[in-house]
Every structure is written in C-alpha cells, then in structure tokens.
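Line by line, the protein sequences are chains A and B.
The UniProt record's numbering numbers the first residue of the first sequence as 1 and each following residue consecutively.
The UniProt record's numbering numbers the first residue of the second sequence as 1 and each following residue consecutively.
Hints should not be assumed to be uniformly reliable.
[Claimed, not checked] Below, in silico cross-link-like pairs of lysine-lysine (DSBU-like), each with a Cα-Cα straight-line distance of 30 Å or less: (1) B:Lys-89 with A:Lys-141; (2) A:Lys-141 with A:Lys-154; (3) B:Lys-7 with A:Lys-128.
[Stated by the list, open to error] Counterexamples of contact, computed for chain B against chain A with all Cβ distances above 10 Å: (4) Ile-104; (5) Thr-145; (6) Leu-240.
[Unchecked claim] Each pair of labels, with its calculated beta carbon distance range: (7) B:Ile-116 with A:Gln-65: 28 to 34 Å; (8) A:Arg-151 with B:Gly-3: 36 to 42 Å; (9) B:Phe-378 with A:Asn-38: 37 to 43 Å.
It is worth saying that the hints were derived from the structure and are not from the lab.
Don't be surprised by glycine CBs; every beta carbon is placed ideally from N, CA and C.
One-letter residues, chain by chain:
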Amino acid sequence: MGILEVKGVNKRFGGLQALGDVNLSVAENTVHAIIGPNGAGKSTLLNCLVGKLIPDTGSVMFDGQSVLGRKPHEINQMGISRVFQTPEIFGDLTVLENVLIPCFAKRDGAFRMHAFETVAHERDIVAKATQMLDDVNMADKKDMHAASLSRGDKRRLEMAMCLVQEPKLLLLDEPTAGMARADTNNTIDLLREIKEKRDITMAIIEHDMHVVFSLADRITVLAQGTPLVEDIPEKIKGHPKVQEAYLGQAHG
Amino acid sequence: MFGLSSKDTRFLLIVVFLTLATPILLQPFPEGSSLAQFNAGYPDLMQKFAIFGIFAIGFNILFGLTGYLSFGHAAFLGVGSYTVVWMYKLLGYNVLPGLVLAVIVSALFALLIGFISLRRSGIYFSILTLAFAQMSYNLAYSVLTPITNGETGLQVYSNDPQILMGENSPTSPHLFGIVMRESTQFEVGGWLFTLNNGYYFCAVIAILAFYLSLRIFRSPFGMMLRAIKTNQTRMNYTGLNSRPYTLAAFVISGMYAGLAGGLLAAMDPLAGAERMQWTASGEVVLMTILGGAGTLMGPVLGAGFIKYFENIFSKINDGVLHAWFAFLPDGLEDLVVALIHPFVGKGWHLTLGILFMLVVIFLPGGLVEGGQRIARLFRSKKTKTAGPGGRNRDHQPKPAPHVAE
Numbered sequence: 001m002g003i004l005e006v007k008g009v010n011k012r013f014g015g016l017q018a019l020g021d022v023n024l025s026v027a028e029n030t031v032h033a034i035i036g037p038n039g040a041g042k043s044t045l046l047n048c049l050v051g052k053l054i055p056d057t058g059s060v061m062f063d064g065q066s067v068l069g070r071k072p073h074e075i076n077q078m079g080i081s082r083v084f085q086t087p088e089i090f091g092d093l094t095v096l097e098n099v100l101i102p103c104f105a106k107r108d109g110a111f112r113m114h115a116f117e118t119v120a121h122e123r124d125i126v127a128k129a130t131q132m133l134d135d136v137n138m139a140d141k142k143d144m145h146a147a148s149l150s151r152g153d154k155r156r157l158e159m160a161m162c163l164v165q166e167p168k169l170l171l172l173d174e175p176t177a178g179m180a181r182a183d184t185n186n187t188i189d190l191l192r193e194i195k196e197k198r199d200i201t202m203a204i205i206e207h208d209m210h211v212v213f214s215l216a217d218r219i220t221v222l223a224q225g226t227p228l229v230e231d232i233p234e235k236i237k238g239h240p241k242v243q244e245a246y247l248g249q250a251h252g
Numbered sequence: 001m002f003g004l005s006s007k008d009t010r011f012l013l014i015v016v017f018l019t020l021a022t023p024i025l026l027q028p029f030p031e032g033s034s035l036a037q038f039n040a041g042y043p044d045l046m047q048k049f050a051i052f053g054i055f056a057i058g059f060n061i062l063f064g065l066t067g068y069l070s071f072g073h074a075a076f077l078g079v080g081s082y083t084v085v086w087m088y089k090l091l092g093y094n095v096l097p098g099l100v101l102a103v104i105v106s107a108l109f110a111l112l113i114g115f116i117s118l119r120r121s122g123i124y125f126s127i128l129t130l131a132f133a134q135m136s137y138n139l140a141y142s143v144l145t146p147i148t149n150g151e152t153g154l155q156v157y158s159n160d161p162q163i164l165m166g167e168n169s170p171t172s173p174h175l176f177g178i179v180m181r182e183s184t185q186f187e188v189g190g191w192l193f194t195l196n197n198g199y200y201f202c203a204v205i206a207i208l209a210f211y212l213s214l215r216i217f218r219s220p221f222g223m224m225l226r227a228i229k230t231n232q233t234r235m236n237y238t239g240l241n242s243r244p245y246t247l248a249a250f251v252i253s254g255m256y257a258g259l260a261g262g263l264l265a266a267m268d269p270l271a272g273a274e275r276m277q278w279t280a281s282g283e284v285v286l287m288t289i290l291g292g293a294g295t296l297m298g299p300v301l302g303a304g305f306i307k308y309f310e311n312i313f314s315k316i317n318d319g320v321l322h323a324w325f326a327f328l329p330d331g332l333e334d335l336v337v338a339l340i341h342p343f344v345g346k347g348w349h350l351t352l353g354i355l356f357m358l359v360v361i362f363l364p365g366g367l368v369e370g371g372q373r374i375a376r377l378f379r380s381k382k383t384k385t386a387g388p389g390g391r392n393r394d395h396q397p398k399p400a401p402h403v404a405e
C-alpha cells in the first residue's frame with residue numbers, strides 16, 4: 001500500500017478523454033516519475049492530485065484519506081506540497097518572508113488572525129526558516145526581493161518553501177522545463193541532495209529523460225491518458241512499448 | 001516599545017509629534033500677510049486631515065496590502081455617520097456610544113458586503129463593491145428615508161428623545177463635557193494658533209489608528225495579506241485559505257471607514273447620503289495611490305494633500321490672483337490671471353488631476369517614493385561610503401511635509 005493511491009481515475013474535457021482509467025501507486029520514501037509525450041495527461045493527473053481538478057470517476061487516496069473534493073489548501077495541509085513548472089513564489093516579499101509563510105501555514109493552519117503579533121518576535125519560526133535557507137545555500141540572499149532572484153534561485157527558493165513544511169509527498173511539475181543544461185544539472189543535484197537527506201516521497205512529472213533516469217526509483221509511462229507500463233528505470237529504458245509510444249516520438 | 005522595533009518606535013513618535021503639533025506647524029504665515037490664506041491650521045480643515053487620514057489608513061490595509069481595490073468604501077463612511085447621529089438623537093450628544101456603535105455596525109456591514117464581493121477578485125470585485133455602495137447610497141437617499149431622512153440629511157431635532165441628556169449637558173457633540181467645537185486661541189507675534197478640542201480628539205484616535213495599522217503591517221497577518229497580493233496560487237498551495245484573510249482585511253478597513261464616518265458626525269452632527277456616493281469612494285482611492293499604496297505614511301500624506309487642495313486652492317479666486325500679480329503691467333497681469341484661472345478656485349480638481357497624473361507616471365510609489373528619492377539623494381551626497389543601502393520599502397521616518405497629518 002503506497003502513500004498515494006490512484007485508482008480508476010477518469011477525466012474528460014468535452015470530447016477529449018484526458019485520463020482513462022489511471023491506476024498509480026507511489027510507495028513511501030521513493031521517487032516516482034511520471035513521463036509521457038505531450039498531451040499524455042501528465043498535468044491533468046497532477047491537477048487531480050492537488051485539488052485543482054476533480055476526476056469524473058475513480059478515487060485518489062493520500063495517507064489513507066481521500067483528497068477528492070478538497071481544496072488545494074486543504075490538500076496541502078494533509079501533507080502534499082507542489083513545485084510548479086514556472087516557480088510560483090511571492091515576488092514582492094523578501095526571500096526570508098517567502099519561507100516564513102509556509103512555516104506559519106504549517107504551524108497555524110489555513111487561517112489565523114495573528115494581527116497583534118510581530119513577525120520578528122516569532123523566534124522559533126524565524127530560526128526554522130533561516131535554517132532552511134541555509135540548507136539550500138541561500139542564507140546570504142535572505143533579505144533580497146524574491147522577484148529579483150535568478151531563475152535557478154527562484155526554483156531553489158520554491159523547493160525550500162515546500163520542504164520547510166516537511167511534506168509527506170512532494171509533487172514536482174516539470175521542475176527543469178525551459179532550463180539550460182547547467183541549471184538542469186543543478187536542479188538534479190538539489191533534488192538528489194533532498195532525497196538523500198530527508199525522508200520524503202517525491203512524484204515528478206517530467207519531459208527530460210536525463211532528469212528522470214538520474215533520480216527516479218520507479219517510472220510510470222503515460223500515453224494518451226493511460227499508463228502504459230510501470231517499472232524501475234533500467235527496465236523502462238529498453239521497453240519496446242515505451243520506445244514506440246514515447247522515445248520514438250520524442251526523438252523522431 | 002509598544003511591541004515595535006526601535007526604528008518603528010522612532011517613526012511612531014515622530015508621527016505623534018507631528019500630529020500633536022499640527023495646529024502650530026500648519027500656520028507658517030503670520031495672520032494678515034498675503035500668504036495667510038495658505039495656512040491650514042484652522043479646526044475644520046485639520047479635523048478633515050485627521051479623519052480622512054484614518055479613512056485612508058484603513059483603506060490601505062485592504063488595497064495596499066492585499067491589492068483588492070474596493071470602490072465602495074464610502075458606504076461604510078456613511079453608515080458610521082448615520083449611526084453616530086442616531087445615537088445623538090436617541091441618547092444624547094456624547095460622541096462615545098455613537099463611535100463605538102459606528103465601528104460595530106460598519107464591521108457587520110463590511111462582513112456582509114465583503115463576504116459576497118470577495119467571491120470575485122480583480123475588476124469584478126471592484127465592480128461588486130461599487131454596486132453595493134451605490135445601492136447603499138440610493139437606499140439612504142430615497143428608500144430608507146425614515147432612517148436616513150433622505151436628501152435633507154439626518155440631524156438632531158428638539159423633539160428627539162435624547163434620554164441621556166442632562167440639564168447642563170452641552171447641546172453640541174462632546175466627550176464627557178469636552179465640547180468638540182470649542183477651541184483655545186493664542187497669539188504669538190503675528191501668528192494666531194487655534195487648539196481645537198475636536199481636532200485633538202480626532203488626532204488621538206488617528207494616532208491609535210496609525211499604531212494599529214503599524215502593528216498589522218509588521219504582523220504575520222500583514223505578511224499574509226502582502227502574500228495574497230503577490231501570488232494567490234502559491235498562497236493556496238502553501239496550505240493557506242486566502243478568503244478569510246481577505247475578508248478580515250476588508251472588515252478591518254470597513255471598521256476604519258466607519259470610524260472615520262462617525263468622527264465626521266462627531267465634529268458636525270449631520271449625516272447625508274452624499275457621503276456614500278461613489279465620488280467619495282473614489283477620493284479615498286486617489287488619496288491612497290497619490291500618497292503611496294502599501295506604505296504606512298502614504299495614505300495619510302495623500303489624504304492631507306487632497307484635503308489641502310480641496311480647501312485651500314479652491315479659495316483662490318480671480319480677486320486674489322489679481323492682487324498677486326498686481327506688479328505686472330495691466331495687459332500681462334490679465335493674461336497671467338487668465339492662464340492660472342482654470343487651475344485654481346473651482347478648477348482645483350484640474351490641478352489635482354495633473355498632480356495625480358504626474359505622480360502615477362513618474363512616482364509609481366506615490367509621494368512616499370518621492371520623499372525616499374529625495375532622502376536618498378541627500379544621503380548619497382552626505383556619505384560617499386555607502387552604508388547599508390538597498391531598497392527599503394518601509395520608508396524610513398523622514399520629516400514629512402507638514403500637511404501630512
């Protein structure tokens with residue numbers, strides 16, 4: 001029984017069957033990659049996991065509880081954090097404040113009227129956020145405006161914001177999309193470091209084979225909304241069905 | 001001190017000093033001099049500075065922090081005024097019960113309007129609040145005449161119950177016997193200073209209101225509101241529900257508006273429907289943007305600027321202009337007066353409009369940004385060895401132009 005169990009999920013947009021009977025099981029403390037060509041339904045699947053979309057049929061269980069019908073913030077409070085394709089950070093705030101907010105969310109829940117406290121007086125939380133920035137080597141940038149960071153640093157910051165919540169499951173939506181090779185490699189290193197240092201389950205949606213094969217413990221190949229195969233990376237590489245559906249197309 | 005950092009405490013103390021010294025600072029020209037008409041140290045105008053300062057500070061908590069642009073805040077201003085006048089009618093001229101109730105009633109009203117309007121964001125939110133405010137205006141103007149006295153406006157009549165009125169109670173708004181419209185005047189040299197009870201009452205409340213907003217700005221709650229302005233998607237995927245945050249900000253700013261409206265009636269025991277009109281809602285938007293939305297001091301500066309223009313520039317008529325330019329040859333004098341004429345007197349809106357355009361185009365951060373730039377200019381001149389520079393968004397205390405209170 002995995003920490004995330006997707007069973008028989010279907011999603012239709014008008015005449016388009018975006019997801020057809022998807023079953024997926026992500027085991028605890030593993031990195032599970034979901035790959036597939038454009039339009040395979042990867043993003044739709046991800047959006048079903050985080051509450052942005054509701055599947056037509058099927059069930060999505062996380063840690064023994066259904067996520068269906070819950071709002072994104074409720075699902076986050078259950079322990080799922082998400083990294084976006086383009087880093088979603090609080091651009092007008094400082095780097096430190098960006099990390100403080102998830103800390104407060106983790107401690108105080110979805111809403112608390114703490115209007116008469118002072119951020120600077122919350123020493124535990126400030127210490128925790130500073131430590132997190134230290135962990136991702138951004139401590140020297142903590143007073144910078146998040147919007148003025150480089151793209152790679154924005155990605156790093158977004159990861160820090162997710163990790164500081166100590167999520168049970170970290171979802172990554174094409175974390176290296178549109179990145180230069182060097183940035184991609186940095187991201188891979190960062191993710192590998194996270195994987196080694198923390199007990200964390202990750203589900204990665206990715207286009208880039210290099211990233212997937214460097215990180216994943218298991219891979220699910222999605223094509224036209226249905227999982228083709230699920231296996232360890234070594235087996236996926238040579239799998240004829242995958243060659244045909246994905247690699248063949250991608251490189252052809 | 002007061003749960004603030006030492007920098008903020010200094011800032012607050014400067015604000016307190018400027019507010020309390022306003023009746024003196026705003027009388028820079030001796031009585032009887034030709035520039036005396038630029039003096040703003042008379043009670044009616046100073047009260048407006050304080051009251052609209054409160055209104056703008058509250059509006060800034062919603063608009064400056066969360067970025068939700070409400071075009072209906074005048075509705076709360078009106079509700080506050082009506083509540084206070086009703087308390088005069090029922091209880092008596094003490095302003096305290098009315099002001100307390102004004103804050104409560106406007107909070108409830110804001111809760112209702114906010115709950116519905118905040119289902120949408122952006123322009124749709126603005127339109128919803130505008131619609132609500134116009135509905136309130138029309139209700140006050142016609143439908144609810146029994147409560148609001150329609151276009152005449154609500155006022156106290158001699159046959160009102162006023163059950164708490166004693167025989168010796170003052171017959172105009174007062175706080176436990178301190179009558180609002182009474183003043184102490186004193187003359188130093190050619191200067192005449194007026195210390196008005198009403199102004200100081202408003203000033204103390206304005207300082208409290210400012211202190212409260214300072215605390216909100218520095219609190220985790222304030223940080224969440226700024227986060228909402230920047231990125232709601234990230235907010236939701238960080239496990240935070242933005243709706244209660246925006247609603248709380250909306251209600252708080254509604255309470256500030258209700259308080260400001262109540263104070264208007266506390267200075268002058270009248271309440272009219274025109275206080276709820278959309279132009280009044282637009283005015284507070286202008287004040288906030290002109291001064292600098294999202295900054296602490298900006299809205300107060302903006303409120304001061306606009307009220308100063310409204311009251312001082314509108315008084316400059318052709319007669320005054322001719323007196324100023326009397327030294328010029330006749331033809332030239334007429335020409336200069338004709339050129340300036342559209343911008344003063346009844347045309348003061350034109351000057352304000354141009355000023356507003358200039359600020360928005362060249363100083364997107366409002367007057368506060370202008371002040372910061374000047375301050376930076378001085379600082380870089382003074383110390384070539386750059387100190388801890390960088391962008392300081394909290395606009396350090398600097399001697400603000402004294403129209404600022």
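Going down the list of hints, with the structure as the test:
no.	hint	verdict
1	B:Lys-89 with A:Lys-141	violated (60 Å)
2	A:Lys-141 with A:Lys-154	holds (11 Å)
3	B:Lys-7 with A:Lys-128	holds (25 Å)
4	Ile-104	holds (17 Å)
5	Thr-145	holds (38 Å)
6	Leu-240	violated (5 Å)
7	B:Ile-116 with A:Gln-65: 28 to 34 Å	holds (32 Å)
8	A:Arg-151 with B:Gly-3: 36 to 42 Å	holds (39 Å)
9	B:Phe-378 with A:Asn-38: 37 to 43 Å	violated (57 Å)
Hints 1, 6 and 9, counting from the list given before, are not met by this structure.
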